[in-house]
Structure formats: C-alpha cells, structure tokens
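Participant: Protein chains in written order, with this note's numbering: chain A, 1 to 488; chain B, 1 to 99.
These aren't lab readings, by the way, just hints derived from the structure by calculation. Treat the numbers as computed from the prediction; the structure is a model and nothing was measured. Treat each hint with caution, since some may be false.
[Claimed, not checked] With a Cα cut of at most 27 Å, we get these calculated DSS-like pairs of lysine-lysine:
{"hint": "1", "chain 1": "A", "residue 1": "LYS3", "chain 2": "A", "residue 2": "LYS83"}
{"hint": "2", "chain 1": "A", "residue 1": "LYS343", "chain 2": "B", "residue 2": "LYS43"}
{"hint": "3", "chain 1": "A", "residue 1": "LYS134", "chain 2": "A", "residue 2": "LYS281"}
{"hint": "4", "chain 1": "B", "residue 1": "LYS43", "chain 2": "B", "residue 2": "LYS14"}
{"hint": "5", "chain 1": "B", "residue 1": "LYS25", "chain 2": "A", "residue 2": "LYS71"}
{"hint": "6", "chain 1": "B", "residue 1": "LYS14", "chain 2": "B", "residue 2": "LYS2"}
{"hint": "7", "chain 1": "B", "residue 1": "LYS5", "chain 2": "A", "residue 2": "LYS267"}
{"hint": "8", "chain 1": "B", "residue 1": "LYS2", "chain 2": "B", "residue 2": "LYS94"}
{"hint": "9", "chain 1": "A", "residue 1": "LYS83", "chain 2": "A", "residue 2": "LYS71"}
{"hint": "10", "chain 1": "B", "residue 1": "LYS5", "chain 2": "A", "residue 2": "LYS343"}
{"hint": "11", "chain 1": "B", "residue 1": "LYS43", "chain 2": "A", "residue 2": "LYS83"}
{"hint": "12", "chain 1": "A", "residue 1": "LYS382", "chain 2": "A", "residue 2": "LYS294"}
{"hint": "13", "chain 1": "A", "residue 1": "LYS83", "chain 2": "A", "residue 2": "LYS267"}
{"hint": "14", "chain 1": "A", "residue 1": "LYS241", "chain 2": "A", "residue 2": "LYS267"}
{"hint": "15", "chain 1": "A", "residue 1": "LYS343", "chain 2": "B", "residue 2": "LYS91"}
{"hint": "16", "chain 1": "B", "residue 1": "LYS43", "chain 2": "A", "residue 2": "LYS294"}
{"hint": "17", "chain 1": "A", "residue 1": "LYS251", "chain 2": "B", "residue 2": "LYS2"}
{"hint": "18", "chain 1": "A", "residue 1": "LYS382", "chain 2": "B", "residue 2": "LYS2"}
{"hint": "19", "chain 1": "A", "residue 1": "LYS331", "chain 2": "B", "residue 2": "LYS43"}
{"hint": "20", "chain 1": "A", "residue 1": "LYS251", "chain 2": "A", "residue 2": "LYS294"}
{"hint": "21", "chain 1": "A", "residue 1": "LYS362", "chain 2": "B", "residue 2": "LYS5"}
{"hint": "22", "chain 1": "A", "residue 1": "LYS71", "chain 2": "A", "residue 2": "LYS99"}
{"hint": "23", "chain 1": "A", "residue 1": "LYS388", "chain 2": "A", "residue 2": "LYS36"}
{"hint": "24", "chain 1": "B", "residue 1": "LYS91", "chain 2": "A", "residue 2": "LYS83"}
{"hint": "25", "chain 1": "B", "residue 1": "LYS91", "chain 2": "A", "residue 2": "LYS36"}
{"hint": "26", "chain 1": "A", "residue 1": "LYS99", "chain 2": "A", "residue 2": "LYS36"}
{"hint": "27", "chain 1": "A", "residue 1": "LYS294", "chain 2": "B", "residue 2": "LYS25"}
{"hint": "28", "chain 1": "B", "residue 1": "LYS2", "chain 2": "A", "residue 2": "LYS71"}
{"hint": "29", "chain 1": "A", "residue 1": "LYS362", "chain 2": "B", "residue 2": "LYS91"}
{"hint": "30", "chain 1": "B", "residue 1": "LYS25", "chain 2": "A", "residue 2": "LYS362"}
{"hint": "31", "chain 1": "B", "residue 1": "LYS94", "chain 2": "A", "residue 2": "LYS362"}
{"hint": "32", "chain 1": "B", "residue 1": "LYS2", "chain 2": "A", "residue 2": "LYS331"}
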Amino acid sequence: MIKTIEELHEMLKNGEVTSDELVKDSLKKAHNVQDKCNAFVTILDDAHGSEVTDDILSGIPYGIKDNYSTKGILSTGSSNTLKDYVPFFTATAVSNLEKHNVVPIGKTAMDEFGMGGTGTTAHTGNILNPWDTKRMAGGSSSGSAASVAAGVYPFALGSDTGDSIRKPAAFCGIVGYKPTYGMISRYGLFPFASSLDHCGCLTRSVKDAAIVVDAMKGIDKNDLTSWDSSDIHLYDSLDGKVKGKKLFYIKEIVNLENYPDASLELKEHLNNFYHTLDYLKEEGVEVDEVSIDKNLINTIFSVYECLSCAEATSNMSNLTGIIFGPRGEGKNINEMMKDHRTKGFSSLIKRRFVIGSYILQKENQERYFVNAQRVRRLIVDKMNELFKTYDGLIMPVSTGPAPYIDGSKDEITKDNTTNLEEHLQIGNFGGFPSITIPNGFVNDLPVGINITGKCYDDANVLNIAFALECKMPYKNQVAPQFKEGENA
Amino acid sequence: MKFNKELIDDLADKLLIGLTDEENKLILSEFNVIDETMELITKIPNISEVEPMTHTLDNFTYTPREDEYEESIPIEDALSNCDSYEGREIKVPKVVGGE
Numbered sequence: 001m002i003k004t005i006e007e008l009h010e011m012l013k014n015g016e017v018t019s020d021e022l023v024k025d026s027l028k029k030a031h032n033v034q035d036k037c038n039a040f041v042t043i044l045d046d047a048h049g050s051e052v053t054d055d056i057l058s059g060i061p062y063g064i065k066d067n068y069s070t071k072g073i074l075s076t077g078s079s080n081t082l083k084d085y086v087p088f089f090t091a092t093a094v095s096n097l098e099k100h101n102v103v104p105i106g107k108t109a110m111d112e113f114g115m116g117g118t119g120t121t122a123h124t125g126n127i128l129n130p131w132d133t134k135r136m137a138g139g140s141s142s143g144s145a146a147s148v149a150a151g152v153y154p155f156a157l158g159s160d161t162g163d164s165i166r167k168p169a170a171f172c173g174i175v176g177y178k179p180t181y182g183m184i185s186r187y188g189l190f191p192f193a194s195s196l197d198h199c200g201c202l203t204r205s206v207k208d209a210a211i212v213v214d215a216m217k218g219i220d221k222n223d224l225t226s227w228d229s230s231d232i233h234l235y236d237s238l239d240g241k242v243k244g245k246k247l248f249y250i251k252e253i254v255n256l257e258n259y260p261d262a263s264l265e266l267k268e269h270l271n272n273f274y275h276t277l278d279y280l281k282e283e284g285v286e287v288d289e290v291s292i293d294k295n296l297i298n299t300i301f302s303v304y305e306c307l308s309c310a311e312a313t314s315n316m317s318n319l320t321g322i323i324f325g326p327r328g329e330g331k332n333i334n335e336m337m338k339d340h341r342t343k344g345f346s347s348l349i350k351r352r353f354v355i356g357s358y359i360l361q362k363e364n365q366e367r368y369f370v371n372a373q374r375v376r377r378l379i380v381d382k383m384n385e386l387f388k389t390y391d392g393l394i395m396p397v398s399t400g401p402a403p404y405i406d407g408s409k410d411e412i413t414k415d416n417t418t419n420l421e422e423h424l425q426i427g428n429f430g431g432f433p434s435i436t437i438p439n440g441f442v443n444d445l446p447v448g449i450n451i452t453g454k455c456y457d458d459a460n461v462l463n464i465a466f467a468l469e470c471k472m473p474y475k476n477q478v479a480p481q482f483k484e485g486e487n488a
Numbered sequence: 001m002k003f004n005k006e007l008i009d010d011l012a013d014k015l016l017i018g019l020t021d022e023e024n025k026l027i028l029s030e031f032n033v034i035d036e037t038m039e040l041i042t043k044i045p046n047i048s049e050v051e052p053m054t055h056t057l058d059n060f061t062y063t064p065r066e067d068e069y070e071e072s073i074p075i076e077d078a079l080s081n082c083d084s085y086e087g088r089e090i091k092v093p094k095v096v097g098g099e
C-alpha cells in the first residue's frame with residue numbers, strides 16, 4: 001500500500017493486486033491508525049474494491065475529511081453540533097472523484113469545522129502525529145494528514161482556510177496542496193470562511209497531488225465562484241524542467257536575525273530551508289531574498305483572525321439544533337438553540353464566534369472588518385506585483401516540527417515568531433495555488449517547505465515543487481512505526 | 001477598559017452561546033491581542049482610501065442560468081436529520097402567546 005498512485009495503478013492493471021485487496025489492507029491500517037492516532041470519525045468497514053479501468057485512480061482507496069458532505073455517510077465536521085448528521089447529498093469534489101472509481105475508506109477527524117491548527121478540538125478527541133504520538137498532527141486536516149503519513153492510502157481530502165492542508169502536511173512529512181480558489185467547487189464543503197475556504201488534498205508525492213486535483217476540479221453550477229479549468233492538466237504538465245524559473249522568499253519572515261531568541265529547532269529549521277534552496281539553484285532556479293514592509297507583514301495574523309472569525313460567525317448561525325443536529329433543551333425556541341450551541345461547540349470556536357460578532361457590530365465594522373479587508377487587498381496586491389517578476393514565493397512552514405500536544409494552546413497570542421507561523425494565510429487572502437512538501441528533519445521529525453504562486457498558475461507551481469521533490473529523498477515517506485509488516 | 005466581561009457575555013448572548021468564566025477570560029485576552037494589531041492597520045498610510053477586498057478573485061463571471069424547473073429535495077430528506085417533526089413540519093414549542 002505504501003506506493004504512489006502510478007505504482008498502484010500499474011499493480012492493479014497487471015493483476016499483482018486487486019482493488020478488494022487494497023481496500024482490505026487499507027481498512028486494516030485505518031484501524032491501526034485509529035488505535036494509535038485517533039485519525040477517524042468513521043471507518044467504512046463495509047467498503048469493497050471497485051472496477052479497475054485505464055483510469056489511473058480506479059480501484060484506489062482514499063480518505064475524506066469529515067467536513068465534506070457524503071450522502072448516507074455520517075459527516076460531523078468533528079463537532080458535537082452535528083454528531084449524528086447524515087447528509088442527503090454529496091459534495092461536488094467527492095462526486096467528481098467518484099466518477100474515477102475511487103473507494104472511500106473513512107471520514108477523517110479534524111479541528112471542529114476547520115477552525116483550529118492543532119488537531120485538538122475534534123469532538124472525538126485529540127488527533128496524534130504518527131511520527132510521534134506525543135505531538136500534534138497539526139490542523140485542521142489532522143486525520144487526513146495522519147492517515148496518509150501512516151500509509152493507510154495514498155491520498156485524503158483536506159480543506160484549507162488559513163493553512164489547514166499545508167501545515168499538517170509539514171508536521172506529518174507529506175505533501176499538502178490547495179489549488180487556486182475556485183478550481184475545486186466548494187459545494188457540499190461545510191463553510192467556515194467562504195472567501196478564504198479552499199478544497200485540496202494530502203498525498204505523499206507531488207505527482208499524486210496533481211492526479212487527485214485533476215479529478216476533483218471543475219466548474220460547478222452549484223458554486224458560482226468555481227471556474228472552468230478544463231484546459232489545465234496538472235499531471236500531464238509535470239516535466240521537472242525548471243531552469244530559468246525565479247522564486248523569492250520574504251526576508252522579514254525568514255531571516256534568522258528576526259529571531260534573537262531563536263530555539264535550536266528554529267535555527268535548524270531555517271538553516272535547512274536555506275540548504276533546500278541550494279537544490280533548486282542546482283537546477284537553474286534563481287532564488288532571491290525580497291524585503292516587504294514589516295508593518296504590512298505584521299498585520300497578516302490579525303487580518304486573518306478578523307475576516308475568518310467574522311465570516312464563520314455568519315456562516316454557522318444556521319447551527320441551531322432545530323432543523324438538523326441534536327435538539328437542545330429549553331422552555332422556548334431561544335433556550336433550545338442556546339442550549340444546543342452552548343453544549344455543542346468547543347470552547348475554541350465559541351471564542352472565535354464572539355470575536356466575529358464583535359467585529360461585525362455596526363459600530364466596529366469600519367475599524368476591524370473593513371480595515372482588515374483593505375489590508376487584505378494591500379497584501380494581495382504586493383504579492384501580485386512580485387508574481388510579475390517571480391514564479392513563486394518559497395517559504396519554510398511554521399517554526400519547526402510538530403509541537404507537543406501537552407502544553408499547546410490554540411489561543412490567539414502574539415510573539416515574535418507569529419509571522420513564521422501564520423504567513424501561509426497569504427495564500428488564502430489571494431486564492432493563490434500553494435503546496436507544501438517535506439524537506440527534511442529536525443530532531444528526527446519531519447519539516448516542510450511551501451511554494452505559492454499566482455492564481456491559475458497551478459501547473460507551474462506544482463512543477464517547481466515536483467523538481468524540488470525529485471532532488472530530495474522524502475517522496476512517498478511514511479512514519480517509521482507504521483512501516484512494520486508492510487509488504488504490499 | 002475597552003473590553004470587559006459584561007461586553008463579552010453580551011456578545012455571546014446575542015449569538016445564543018453561553019460561556020464559562022474561563023472562556024470569557026480567554027476571549028478578553030484574545031481581544032486585546034487583536035485590537036493591538038488593528039492599531040498597526042490604522043497606522044498604514046492612506047488605508048481608508050484602499051478599496052476593501054471582499055473576495056479572493058475579482059474576475060468572476062456571473063452568467064444567469066436558464067430559468068428551468070428543477071425538482072426540490074424530497075421532504076423526507078429535508079427532515080432526515082431533524083429530531084422532532086410531525087408529518088411534513090418541524091415541531092417546536094409554541095412561539096406566539098407566551099412560554
């Protein structure tokens with residue numbers, strides 16, 4: 001099972017393995033990962049193989065993040081407010097994949113409704129990192145990242161509003177890709193912050209990410225922000241030729257001089273980042289250090305918090321327990337809704353909602369919400385200006401490997417490494433295609449590097465990531481403790 | 001002080017959410033962080049002249065769909081996740097005329 005999609009397809013076609021065998025193996029591993037990492041809300045034990053055709057995805061098992069609606073299959077968004085919710089329709093991204101005869105194995109646990117970056121707010125408990133179960137998997141696509149990193153299947157679906165695909169991918173040593181906004185329809189994805197929400201995938205190689213998104217994408221009459229990408233063929237575009245390409249990184253975030261009290265982990269992580277750039281230079285890629293106004297950089301975090309909290313507050317006002325979800329107790333309808341929401345939401349997202357509500361009060365809108373939207377434009381304009389010269393932005397992900405779960409908090413705080421933790425949100429502000437790939441180890445734990453490019457230029461971004469991946473030995477890696485007994 | 005416990009409780013109540021004292025306290029500290037950073041935003045020169053960016057892409061093309069009849073969802077499906085209904089209708093306590 002610890003094979004790429006291409007390899008599995010080859011094996012299926014020449015009869016070395018059947019789809020049924022792959023599915024059984026995948027289910028067995030899913031239960032093992034569930035025992036060790038708590039990665040699933042639901043494991044679909046009655047799943048069975050599908051017909052294998054010339055379609056490269058046919059017969060292959062995969063995982064679905066639990067905020068994608070799946071007809072007849074429990075879809076909770078990892079929230080008690082939807083703990084028994086079974087949709088009567090399927091998200092477009094999933095139904096697009098179904099046309100390729102893929103086999104869903106389970107629904108993966110996540111930070112509640114995508115609103116967290118740690119994997120510690122799911123209603124089913126903490127989701128643990130398969131490389132070290134004392135550490136977080138990252139979030140919010142925690143279970144998808146953990147299960148792919150543990151070799152359950154070659155890919156799982158994720159969603160990304162701030163960095164929810166790209167950060168857990170780094171923490172789990174795998175690939176996380178969110179394409180340009182609107183390339184994949186959001187219809188049927190539980191909305192968090194609609195202007196920032198992206199669908200995408202977690203895989204163990206860039207090529208697999210290209211194959212999966214090729215199958216997920218497409219214009220959809222049910223999502224007016226989706227667009228026609230029929231002339232984009234990501235998988236076919238990967239040739240690894242990157243000579244003459246130009247990338248930049250942001251000095252004010254990456255330069256070690258910004259962090260006088262840097263930990264050893266951070267120093268090693270940043271040194272490893274610079275070392276990785278050398279691989280690209282060997283391939284003829286020019287990498288420049290670019291300076292951006294620090295005052296603008298310092299606003300990224302608050303712009304994200306303002307916009308995402310405000311949009312989430314509005315989006316989730318339909319969670320009342322009246323039309324769907326468990327009924328609350330109370331003498332009247334208001335008491336019932338309040339009981340449902342008070343008991344159903346985790347502490348973290350209650351806090352986000354209250355912040356969102358404050359921001360949206362008429363007297364506060366200009367200072368917070370509208371100003372955040374204005375700065376969003378300034379940041380996006382600055383990126384687009386740079387993308388006229390450069391093919392992409394290349395940056396280290398986070399401040400190092402996955403933090404320990406004990407002592408970690410998903411609170412809004414600010415210290416001098418915040419910009420390093422939060423810069424991936426730029427990709428959501430502009431809807432830019434953005435991919436994280438593993439680029440080495442710090443303290444024997446995986447770390448990642450991210451490449452973000454201009455809208456609609458996904459093929460170019462993936463190709464640069466592909467070229468870099470080919471220079472490093474981390475493609476298709478699986479967490480060591482899950483390799484034992486592997487013989488497929 | 002700009003933010004206080006009463007303000008937070010009032011906001012939570014408007015959202016039909018109850019907070020513990022600990023949750024209230026955390027929100028207060030988070031507000032102070034956000035507010036501090038918003039000061040940075042207001043200090044950006046000519047910020048009020050920038051057009052707010054409400055969406056990721058500015059080039060959406062909206063084409064009205066044909067006005068064709070489509071089936072709506074079956075009522076059984078719509079009620080399938082509802083805990084309390086009668087026939088085709090969702091059941092709630094009396095709304096008009098007291099508790």
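Participant: Please go over all the hints and tell whether each is borne out by the structure.
Facilitator: Consistency of the hints with the structure:
Using a Cα cut-off of 27 Å, the hinted pair LYS3 (chain A) and LYS83 (chain A) is violated, with the two alpha carbons roughly 34 Å apart. Proximity of LYS343 (chain A) to LYS43 (chain B) is assessed by CA-CA distance (about 40 Å); at most 27 Å being required, the pair is judged violated. Proximity of LYS134 (chain A) to LYS281 (chain A) is assessed by CA-CA distance (about 37 Å); at most 27 Å being required, the pair is judged violated. About 31 Å separates the Cα atoms of LYS43 (chain B) and LYS14 (chain B), which puts this hinted pair outside 27 Å; it is violated.
Proposed proximity of LYS25 (chain B) and LYS71 (chain A) is contradicted: the alpha carbons are some 40 Å apart, above 27 Å. Taking the CA atoms of LYS14 (chain B) and LYS2 (chain B), the gap is about 19 Å. The hint holds against a cut of 27 Å. For a cut-off of 27 Å, the pair hint linking LYS5 (chain B) to LYS267 (chain A) is broken: about 40 Å separates their Cα positions. Straight-line distance between C-alpha atoms of LYS2 (chain B) and LYS94 (chain B) comes to about 40 Å, which puts the hinted pair past the 27 Å bound.
A C-alpha spacing of about 15 Å is found between LYS83 (chain A) and LYS71 (chain A), which places the hinted pair at or below 27 Å, so the restraint holds. Using a Cα cut-off of 27 Å, the hinted pair LYS5 (chain B) and LYS343 (chain A) holds, with the two alpha carbons roughly 20 Å apart. For the hint linking LYS43 (chain B) to LYS83 (chain A), the alpha-carbon distance of about 45 Å lies beyond 27 Å, and the restraint is violated. Restraint check: the Cα-Cα separation between LYS382 (chain A) and LYS294 (chain A) comes to about 13 Å, which is no more than 27 Å; the hinted pair holds.
Distance check on the hinted pair: LYS83 (chain A) and LYS267 (chain A) sit about 42 Å apart at the alpha-carbon level, beyond 27 Å; violated. For the hint linking LYS241 (chain A) to LYS267 (chain A), the alpha-carbon distance of about 31 Å lies beyond 27 Å, and the restraint is violated. This hinted pair checks out: LYS343 (chain A) and LYS91 (chain B) have alpha carbons roughly 21 Å apart, not beyond 27 Å. Proposed proximity of LYS43 (chain B) and LYS294 (chain A) is supported: the alpha carbons are some 13 Å apart, at most 27 Å.
Taking the CA atoms of LYS251 (chain A) and LYS2 (chain B), the gap is near 35 Å; set against the 27 Å cutoff, the hint is violated. Between LYS382 (chain A) and LYS2 (chain B), the direct Cα distance comes to roughly 33 Å. Violation of the 27 Å bound is thereby established for this hinted pair. Pair hint LYS331 (chain A) plus LYS43 (chain B) does not hold up; C-alpha atoms about 49 Å apart against a cutoff of 27 Å. Between LYS251 (chain A) and LYS294 (chain A), the direct Cα distance comes to roughly 10 Å. Compliance with the 27 Å bound is thereby established for this hinted pair.
Between LYS362 (chain A) and LYS5 (chain B) the CA atoms are separated by roughly 20 Å; this keeps the pair inside 27 Å, and the hint holds. Restraint check for LYS71 (chain A) and LYS99 (chain A): the C-alpha separation of about 15 Å stays at or below 27 Å, so the hint holds. Proximity of LYS388 (chain A) to LYS36 (chain A) is assessed by CA-CA distance (about 47 Å); at most 27 Å being required, the pair is judged violated. Proposed proximity of LYS91 (chain B) and LYS83 (chain A) is supported: the alpha carbons are some 20 Å apart, at most 27 Å.
Proposed proximity of LYS91 (chain B) and LYS36 (chain A) is contradicted: the alpha carbons are some 43 Å apart, above 27 Å. In summary, the hint linking LYS99 (chain A) to LYS36 (chain A) is not supported, as the alpha carbons are separated by about 32 Å, beyond the 27 Å threshold. A C-alpha spacing of about 31 Å is found between LYS294 (chain A) and LYS25 (chain B), which places the hinted pair above 27 Å, so the restraint is violated. Between LYS2 (chain B) and LYS71 (chain A) the CA atoms are separated by roughly 47 Å; this puts the pair beyond 27 Å, and the hint is violated.
A hinted pair counts as satisfied when its Cα atoms are at most 27 Å apart, and LYS362 (chain A) with LYS91 (chain B) does not qualify at roughly 34 Å. A threshold of 27 Å between alpha carbons decides the hint, and for LYS25 (chain B) with LYS362 (chain A) the separation of about 24 Å falls inside it, so the pair holds. For a cut-off of 27 Å, the pair hint linking LYS94 (chain B) to LYS362 (chain A) is broken: about 32 Å separates their Cα positions. For the proposed pair LYS2 (chain B) and LYS331 (chain A), the alpha carbon gap of about 35 Å is over 27 Å, so the pair is violated.
In summary, the structure is inconsistent with hints 1, 2, 3, 4, 5, 7, 8, 11, 13, 14, 17, 18, 19, 23, 25, 26, 27, 28, 29, 31, 32 from the numbered list given earlier, while agreeing with the others.
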